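Engineer: Generate coordinates for the entire structure from the input sequences, incorporating the hints supplied.
Number of protein chains: 4
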Amino acid sequence: MTTNGLLERVFTALDNFRIEIPSWGFANTGTRFGKFVQAAAATNLEEKFADGAEVNRLTGAAPTMALHVLWDLPNGLEDAERVLALAKTTGVQAGSINPNLFQSQEYKYGSLCNPSAEIRAKARKHLLNSVEIGKRLKSKDVSLWMADGSNYPGTQSIRKRVDWLAEGLAEAHAALGEEQRLLVEYKPFEPAFYHTDIADWGMALLLAKGAGPKAKVLVDTGHHYPSQNIEQIVAWLLHEDMLGGFHFNDRRYADDDLTLGSIDPYQVYRIFGELLSAEADGLPMDVAYMVDQSHNLKGKVEAMVQTVVTAQELYVKAALVDREQLAGLQEKCDLVAAEELFRGAFWTDVRPLVKAWREERGLPLEPLAELRRSGYVERAEAIRGPKQGGGGGYA
Amino acid sequence: MTTNGLLERVFTALDNFRIEIPSWGFANTGTRFGKFVQAAAATNLEEKFADGAEVNRLTGAAPTMALHVLWDLPNGLEDAERVLALAKTTGVQAGSINPNLFQSQEYKYGSLCNPSAEIRAKARKHLLNSVEIGKRLKSKDVSLWMADGSNYPGTQSIRKRVDWLAEGLAEAHAALGEEQRLLVEYKPFEPAFYHTDIADWGMALLLAKGAGPKAKVLVDTGHHYPSQNIEQIVAWLLHEDMLGGFHFNDRRYADDDLTLGSIDPYQVYRIFGELLSAEADGLPMDVAYMVDQSHNLKGKVEAMVQTVVTAQELYVKAALVDREQLAGLQEKCDLVAAEELFRGAFWTDVRPLVKAWREERGLPLEPLAELRRSGYVERAEAIRGPKQGGGGGYA
Amino acid sequence: MTTNGLLERVFTALDNFRIEIPSWGFANTGTRFGKFVQAAAATNLEEKFADGAEVNRLTGAAPTMALHVLWDLPNGLEDAERVLALAKTTGVQAGSINPNLFQSQEYKYGSLCNPSAEIRAKARKHLLNSVEIGKRLKSKDVSLWMADGSNYPGTQSIRKRVDWLAEGLAEAHAALGEEQRLLVEYKPFEPAFYHTDIADWGMALLLAKGAGPKAKVLVDTGHHYPSQNIEQIVAWLLHEDMLGGFHFNDRRYADDDLTLGSIDPYQVYRIFGELLSAEADGLPMDVAYMVDQSHNLKGKVEAMVQTVVTAQELYVKAALVDREQLAGLQEKCDLVAAEELFRGAFWTDVRPLVKAWREERGLPLEPLAELRRSGYVERAEAIRGPKQGGGGGYA
Amino acid sequence: MTTNGLLERVFTALDNFRIEIPSWGFANTGTRFGKFVQAAAATNLEEKFADGAEVNRLTGAAPTMALHVLWDLPNGLEDAERVLALAKTTGVQAGSINPNLFQSQEYKYGSLCNPSAEIRAKARKHLLNSVEIGKRLKSKDVSLWMADGSNYPGTQSIRKRVDWLAEGLAEAHAALGEEQRLLVEYKPFEPAFYHTDIADWGMALLLAKGAGPKAKVLVDTGHHYPSQNIEQIVAWLLHEDMLGGFHFNDRRYADDDLTLGSIDPYQVYRIFGELLSAEADGLPMDVAYMVDQSHNLKGKVEAMVQTVVTAQELYVKAALVDREQLAGLQEKCDLVAAEELFRGAFWTDVRPLVKAWREERGLPLEPLAELRRSGYVERAEAIRGPKQGGGGGYA
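Protein chains in written order, with this note's numbering: chain V, 1 to 395; chain Z, 396 to 790; chain X, 791 to 1185; chain P, 1186 to 1580.
Since the hints were made in silico from the structure, they are not lab data. If you're wondering where the values come from, they're calculated on a predicted model, not measured in any experiment. There may be inaccurate statements among the hints.
As the list claims (entries may be wrong) - What the simulated footprint calls covered on chain P by chain Z, stretch by stretch (three residues with Cβ under 8 Å from a Cβ of chain Z suffice, anywhere in the stretch; the number is not a length):
1. 1247-1254
2. 1428-1438
As the list claims (entries may be wrong) - Cut-off 25 Å, straight-line C-alpha distance, at most; resulting in silico cross-link-like pairs (BS3-like, lysine-lysine):
3. Z/K503 <-> V/K214
4. Z/K609 <-> V/K209
5. X/K925 <-> X/K912
6. Z/K604 <-> Z/K533
7. Z/K555 <-> Z/K520
8. Z/K555 <-> V/K209
9. Z/K727 <-> V/K122
10. P/K1399 <-> Z/K782
11. P/K1572 <-> Z/K503
As the list claims (entries may be wrong) - Listing some non-contacts, in silico: residues in chain Z with all C-beta distances to chain X over 10 Å:
12. T397
13. G425
14. A434
15. S499
16. K533
17. D636
18. E674
19. L678
20. A698
21. R738
22. F741
23. L763
24. G787
For each residue, glycine too, the CB sits at the ideal point set by N, CA and C.
Structural biologist: Spelled out as structure tokens, the structure:
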């Protein structure tokens, strides 16, 4: 490739690449053993939008922020105006709407899958409210993760719960606006330990298909078994036109919610590779890239900037693969040559290329350095520090 | 439950329980590091049928034997008469027909998914031959496991292979007779290491649905990730009316092909529980129970008898659960009571009950002891020993 | 075995079997997504001792309760008198002493392994205080679990932290009283996600050996990789005379802290089998059986009674194995006979035998039924309910 | 770093980096389902040495070849002269000596751990022979991997086998020459499925320590649980001065024996990072880098060249880390900065640097291209093709 051709390809990729960051990524989070409270963590929606705007200012790739209904719009629709106002002032738009069907005490034995018709009704209502909030905010995706499941064999009917779940999703789908989608997330473990009602992509796909054409599957990279081939699942969902979006994060063992690319960057690269391959083949695609991480130790804004930058770099690497040449080598089963071509792009140091793009687009050349230089975090610490609560505990 | 009621339930369960044993379970098998050759291992089809008949004589629950086209009918349809004759003399009927799409050198880069149209055609032809053999033998199921996949990222197009696979299955489905079915097996690893073309139940289900209404999913219990909840997959497949059958075996780490119930008997019990629950709820069900094991160290016939007896016992345990009472406790979320009821049946020592059934049905009271007493294995050793080949090796 | 011989063996096993329950098993616990608050959960040390006494009254096998320094003796040594008084009134003795080196905000980057000498000193002091508390309470074991580790590659020096840890343990060991022991627990994941400073039994063993002869390894059954053979680790620790005790619980995926025997009862049986085998061989053994569970959904006291009863039953099953006969079959490599003998004891329904023992020892015949009948939980709900706090939340 | 400083560091690293290749990596290998026979695969020791020499010619980093006693020196000591002659003519020296304690039919129930004293004696004798071969060949390491274990709970005494194993290793250690070492390899699964006698690094370390000071642990990267932190084990073994060497390979699920860095290159980088960190800290180190792979699909020589080159590149990346600066950031717990520094070196494209080194050292600039250009493989195919055997099969 000529240098110009290379730069053009990189610039196009970066111009098109957007990744949504979650409001809860700026708040104090932790493990069941407690939270390590950060002085600079956001304590309210205004601060979350401010943080989101800072990330977007530094990276140029994070113009929307996922919202969590319970934490960000505790009064439901009433809070929508506040969100719209914040969007206007910060330039960060409301992204996907995330219902909360796990925190209320009533959901102890499930939400949409609870054996109690009353509690199921409550859960459905919350889901419908989330759809309405999405409409008001002109947000495209309602992104549903449920914690439903059971902890012990024999204690719940797996099949009955499938039916209850299907009913709830169908009802929510029926309420969707023209431009809205329902993204169904799966997870094979935690916080339910014996069975989770939507355990894998197969279940999510069947439920989404059953709900209706505007329901798609959401892939959270941390919601798989240790050695599962995630990019193959992505390829299948693309093949079926059922991929709605991603929750990116990384992990070693379980749903560790570490920053993207921190443990296995080659896997993220391969996932982007499947997406770019499908795009090159002209498949119908409408995929939302989102981050879902828990910055327990790293600084919140710092971790998010690092995440977006890493995502950009890995995406650019994947965009460098000559897909036509690769297809030829695959066809011939020239394994080593195909692999070298594919992995060669991963080995390319794209940091100077991304820097060139930043310069061209008037962005800070070194986002993390610029964040440190700006004093943003120190100012947040001073203002927010006194407002922080305690870290909680295990028992 | 009254003693009579209990016995009736047990007898009904056992009268209905049939499990198919595989012809290759009587042959010498091993690992990539070599085979430990057994003198009594079957060296030809006649001996396999004899072994199968012995297992059926001892257990009364194994009237059919799965056949492997390449190993048992190397001449294809021509060999069908031989099989029918053996079935007549031994009383063991031909069970599922298993194509072989992995042993030929041409399948190095795949069979139905091979980038070469020529090799795909060869694989399809073999699959069609298998369907024809099934017809001739009046065998119901063509049971398809493929080893297709790739070993290195980037070396094959995952999505193109999906299409090729779908075409092959549709063609095979079109050739099925009225009473035939096509069972699609999945496996997430081995012998392909980076990706296997049918990696999980979701992929198998989509492929089976795409192939046609007579295609169903086959669950091999060893083809899952370590902590996967297999009974939930069973429940989902039953819910979708897409469960065609099982390959039972047990394992600790990978596809170890150990004897059923040897590592985690409670899991097998839970799987039977889902099946009996669906039956109690009147779901449409047509599920073939089959064994797929590799008796590398245990005596072949001995291991098979042990397997069938263990399956009977675990099935009877599951049949003892009062499903109505359990449903009530599940409804109330009375977790501990529900679990105790469910697990209580597992704790019940059913061996005397199964023995009573054997007595009633004129079967040997202690199948393993009777096998030892009979001298069957010693006779086989004397006759077959001299015919055994070598154990092979790793490199 | 004669019926009398059988009963004698069962009674001896049960008379010897004691399992320690943790005070925190009676408090409200949950996951990082929140806690489901139980009205009857213990809200203070008095209530924990009351609950412990109730479990012991019902099972006759739980005479001691593990204490957590931070939660149960927040004032350190000063609280010891209160504990001793409670032990006197309830008949439940103070069991192992559990330091807390994870909840304080200062431990964000580690406790005994923190790069800051000051924070390490604080952690050591807490550990020494725990040793003093143990002395005062005449408690034998200081049971150390640390959450130390790191979340991202490159962010900490794994080897430096080993040295700091070794120093801290040596100091604690030096302070142990004549009868005291230091139990070193290992865990490969959570809450640190990239590396945990004591990740496996090998590390725990080296650290314990380095600390001194009164340091032993603590095995938490939930702290292993999915398919790990835990009983083999137990066998090795017994072989090295380095096994100090257990934290029992069950799990499907990670450290789920479910009730013992709820997911894989055969594994617990095999663990007990290794212990009884070592005992039969006359190995030096001093092993503390303890429970460490998180009853997020099940009733606290109910779950604990169920746990102790299940432990008794599985222990009795393991005690039924004729070890001499088994050794003979193992020697001959008569695999199926050995396995049938070994697993046969597991299949034995020991519930009537345990009931006979209860009758003989004047214990309630059906502990769980007796708990329900007693109204203990309802009374606790009435008194404690109004005192319960909130359930917390993820973000 | 200045460009000169950078190049110097790279050149020093590459000059010091040697990796041993295994003779069996050039032979036909496969899975239990059969072997895909390659025309160019080596069929005898001469061809293996020729292949090894070609790899060394192309990479300049593989001057020794691991030998397998059974396959390469079937006549034991008698074959040593042949090996020495080949070493002279090819310039490739005999590397580690690998006993074979798994292929003989007698090892069905174990070798050094077999309940039969006679079979144990045979296994010990083979091990002693291997030591003698090592002496004669002036090979430093006897590299012991055993397949011993059991397939079913209760069928073998885990502890008795520990004692037998310890005796065998002590005997072998006593026979070691002044310069020889005994490397003890561990593996948690396959081909034994329920328990393997040396399952993890803890067991290997205890056995090595018990055998004597010249026994060390061998880490095969594929012999771990899916999410295990291998570099932490490396760090611990270095800390204890117990790391003897590596068998490098990569995998997704089990012991897949794929080429190094093909699935998770960042992990290999982190392992090299721990080694270079220990070296920088001046720890005593004597670590043999070896490859153990099964090239089932890739061309044998091609795969080996690719492996060595990838190892060089990942090693150079790890050598670029400024360890002093990193230590400072770790000390301050500046997580993101530390991670960026650490991972930054991984992102550096070192291929031009390695090329510069090749030029300086008179090596082919592009080893894989040079291999293709040379026609070596085609010549081997022509000569060896007619000599190839069949691929075997599962049953």
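Engineer: For Z/K503 and V/K214, compute the direct alpha-carbon distance and say whether it is at most 25 Å.
Structural biologist: 41 Å, violated
Engineer: Taking the minimum C-beta separation from Z/A698 to chain X, is that value above 10 Å?
Structural biologist: 7 Å, violated
Engineer: Quick check for students: does the CB of Z/G787 sit more than 10 Å from each CB in chain X?
Structural biologist: 22 Å, holds
Engineer: Does Z/A434 really sit off the interface, with its C-beta more than 10 Å from all C-beta atoms of chain X?
Structural biologist: Non-interface label on Z/A434 holds, nearest chain X Cβ at 15 Å vs cutoff 10 Å.
Engineer: Taking the closest pair, is the beta carbon of Z/G425 still more than 10 Å from chain X?
Structural biologist: 16 Å, holds
Engineer: May I ask you to check that Z/S499 keeps its beta-carbon over 10 Å from the closest beta-carbon of chain X?
Structural biologist: Correct as stated: the minimum Cβ-Cβ distance to chain X is 33 Å, above 10 Å.
Engineer: Taken at face value, is the distance from the CA of V/K209 to the CA of Z/K555 at most 25 Å?
Structural biologist: Holds: Z/K555 and V/K209 sit about 23 Å apart, inside 25 Å.
Engineer: Once the closest CB in chain X is found, is it more than 10 Å from Z/D636?
Structural biologist: Z/D636 clear of chain X: closest Cβ-Cβ about 27 Å, beyond 10 Å.
Engineer: Within 25 Å, alpha carbon to alpha carbon, are Z/K604 and Z/K533?
Structural biologist: Cα-Cα ~24 Å, so holds.
Engineer: Closest CB-CB distance from Z/T397 to chain X, is it above 10 Å?
Structural biologist: Consistent with the label, Z/T397 stays out of reach of chain X, its closest Cβ about 18 Å off (over 10 Å).
Engineer: Taking the minimum C-beta separation from Z/F741 to chain X, is that value above 10 Å?
Structural biologist: Violated, because the least Cβ-Cβ distance between Z/F741 and chain X comes to about 8 Å, which does not exceed 10 Å.
Engineer: Mind taking a look at whether chain Z covers the stretch 1247-1254 of chain P? Criterion is 3 or more residues with CB to CB distance under 8 Å.
Structural biologist: It is violated: at least three residues are needed, and the stretch 1247-1254 of chain P offers just 1 whose Cβ sits closer than 8 Å to chain Z.
The structure fails to meet hints 1, 3, 10, 20, 21, 22, 23 from the earlier list, while all remaining hints are met.
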